[in-house]
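Trainee: In the order they appear, the protein sequences are chains V and H.
To convert, count from 1 in the first sequence and add 1027; that's my numbering.
To convert, count from 1 in the second sequence and add 521; that's my numbering.
Hints should not be assumed to be uniformly reliable.
Now the stretches of chain V that chain H is said to cover, found in silico as 3 or more residues with beta-carbon under 8 Å [claimed, not checked]:
(1) 1155 to 1162
(2) 1230 to 1243
PhoX-like, lysine-lysine: derived pairs with alpha carbons at most 20 Å apart [unchecked claim]:
(3) 615/H with 1200/V
(4) 1311/V with 1276/V
(5) 1311/V with 1093/V
(6) 603/H with 556/H
(7) 615/H with 1165/V
(8) 615/H with 603/H
(9) 1220/V with 1276/V
(10) 1306/V with 1093/V
(11) 596/H with 1200/V
(12) 1093/V with 1116/V
(13) 1131/V with 1093/V
(14) 603/H with 1093/V
(15) 596/H with 615/H
(16) 1111/V with 1176/V
(17) 603/H with 1131/V
(18) 615/H with 1131/V
(19) 556/H with 1093/V
The hints are simulated quantities; they were obtained by calculation from the structure and are not laboratory data.
Note that CB positions come from ideal geometry on N, CA and C, so glycine has one too.
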Amino acid sequence: MSTDDHEKGPSRRKVLECMTWAGTGVLWTVAGGVPTSLGIIDEALAQQSKGFTFLQISDSHMGFDKPANPNTKGTLEEAIGRVKALTVKPSFMIHTGDISHLSKPAEFDDADRIISEARLDVHYVPGEHDIIDEDQGKLYRDRYGRGTKGAGWYSFDADGVHFIGLVNVVDLKAGGLGNLGNEQLEWLEDDLKGRAASQPIVVFAHIPLWTVYPDWGWGTQDSERALGYLKRFGSVTVLNGHIHQVMQKVEGNVTFHTARSTAFPQPTPGSAPSPGPMKVPEDKLRTMLGIASVTFKQNEQRLAIIDTPLQG
Amino acid sequence: MTKKMKSLTNSVIAGVATFFLFAATPARAEDVAVKIDNFTFGPQEVKVKSGTTVTWTNQDDIPHTVVSPNNFRSKPLDSEDKFSFTFTTPGTYKYFCSLHPHMTGTIVVEAATGSITPQQ
C-alpha cells in the first residue's frame, strides 16, 4: 500500500508466493457484498480489490509436541510471519479455534504472544481443545469471551458484512457431532432478524457446519437449523477449522470452507484408521499447514477462497 | 451381526484376562484395562463384576476424555494418561469422549455375588 511496502516488494512477494502452498491462512476480501478469497500471496489481486480483506487462521494447538509436529510454536510464528509480510494489511483476523492443545494458561499465553505480533484484531471462537480446563471453558471465556454470549458466541459488523462467531464444541452428546444447542440457535435467529437479505454474512465456527465425515465426527448435528435461518441471504460464507485441511463446498448461496491448521495435518476422510495427527516427511509438513485470506469483491456471485501454505 | 460377534469376542477376551488377575489377587476385584487408540475405546464393550476397577489409557496423540453423564467424568487425558473408575453398582454404563463424541463405549457391571464364571 505505501511506498515503503513497495520498496520491500520483491522479497515480500516471494514470501507470499510460498505461503500459497503451505497453507498458513486464508485472506478474504469483501467488495460490493460478496466475499472472495485471495491468496495471501496474491499481492496484485489484493491491491486491485477495493473491498476489505480479512484473514483466517486455525488450529494452532499450542502445546502439541508429538512427532506430527514437535514445534507448533515455530510453525505458528511462521504463519504470523506471513501475515506480517502482507503488503495489504487485512482488516482483522479470525481464529477458528483449537488455539491451545490442552487449555493450559501457558498455551494460551504462547498463542497470544505469537499472534499479537501480527498487530491485528483477532476474533476467536473456541475449539474443543480450548475448553478442557477444569471449569470447562472458563479460561477461554475469561480471556477471549468479553462481550460474548453463552459459551462465547457473538456477532459484529465490518464494512457492511455481518460476522457471526458460533460455538459448536460445547455440551456434545454421546454418539453425536458438533453441537450448537437451542439457546445459541435462538440467539442466531434473533440476531439475523430484520437484516436485509442483501447483507453478506460470514459465519465462523470450529467444527464444520456441514457434514464432512460423520464417522470421524466432522459435522454439526444441528447445523441445519442454523443454515435454515441463513437461507434467505444472498451471500453466506461459512468458515471452519477442526479438520486441518482445506475443503470447500458450495450449496446455493452458501459457501463452506475449512482452513488448514498451523500445527499439524490430519488425513483426508476415511484414508486412515482415525483422524489423529498425521506424520508426514519433514520437508512436506509446511506444505500442509497454512493460513487463508478472504476478499469480498464486487460483482462476484460467490466466494473464491485462497489458502496459503507455509511453504510451496 | 459382525459387530455383535466382535463385541462378544472382546468380552470373552476381557473375561479371560480378568479371570487371571482375579486368581492372582483374590483379595480384591479384578482390574480391567480399556485402551483408547485410533479414536476408539477397546474393547468397546466390557462386562465386569461389581467392585472392578476399569482403567482407561490414552494411546493417541490427541487428548480424550471418558465421560458417563451422572456417573463419572475423567479429566482430559493426554497421551499415555490414565483414568480409573471402580464400579460398585451393577448396571449398564454407557460412556463417550466429550471431545470426540463419536467415540463411545459400554461397561456392563454384574453383581459380584453368584456365579464366578467369567462373563460371556
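Trainee: Is residue 596/H within 20 Å of residue 1200/V, Cα to Cα?
Mentor: holds (17 Å)
Trainee: Does the structure keep residue 615/H and residue 1165/V at a Cα separation of 20 Å or less?
Mentor: Distance of about 27 Å is beyond 20 Å: violated.
Trainee: Under the criterion that the straight-line Cα-Cα distance not exceed 20 Å, is the pair residue 615/H, residue 1131/V satisfied?
Mentor: Violated: residue 615/H and residue 1131/V sit about 29 Å apart, past 20 Å.
Trainee: Residue 596/H and residue 615/H: Cα distance at most 20 Å?
Mentor: Roughly 17 Å separates the two Cα atoms, so the pair holds.
Trainee: Against the 20 Å threshold, does the CA-CA distance of residue 1311/V and residue 1276/V hold or violate the hint?
Mentor: violated (26 Å)
Trainee: Hint check: residue 1306/V vs residue 1093/V, CA-CA at most 20 Å. Holds or violated?
Mentor: holds (9 Å)
Trainee: Between the region 1230 to 1243 of chain V and chain H, see if three or more residues pass the 8 Å beta-carbon test, and mark the coverage as holds or violated.
Mentor: holds (count 3)
Trainee: Would you mind confirming whether the straight-line C-alpha gap from residue 603/H to residue 1093/V stays at or under 20 Å?
Mentor: holds (18 Å)
Trainee: Compare the distance between the alpha carbons of residue 615/H and residue 1200/V with 20 Å, and conclude whether the hinted pair is satisfied.
Mentor: Holds: residue 615/H and residue 1200/V sit about 12 Å apart, inside 20 Å.
Trainee: Holds or violated: residue 603/H with residue 556/H, Cα cutoff 20 Å?
Mentor: Judged against 20 Å, a Cα distance of about 9 Å means the pair holds.
Trainee: Within a Cα-Cα threshold of 20 Å, do residue 1111/V and residue 1176/V meet the stated pairing?
Mentor: violated (31 Å)
Trainee: Can you confirm whether the C-alpha distance between residue 1131/V and residue 1093/V stays at or below 20 Å?
Mentor: The hint holds at about 17 Å.
In this structure, the hints that do not hold are numbers 4, 7, 9, 12, 16 and 18, in rising order.
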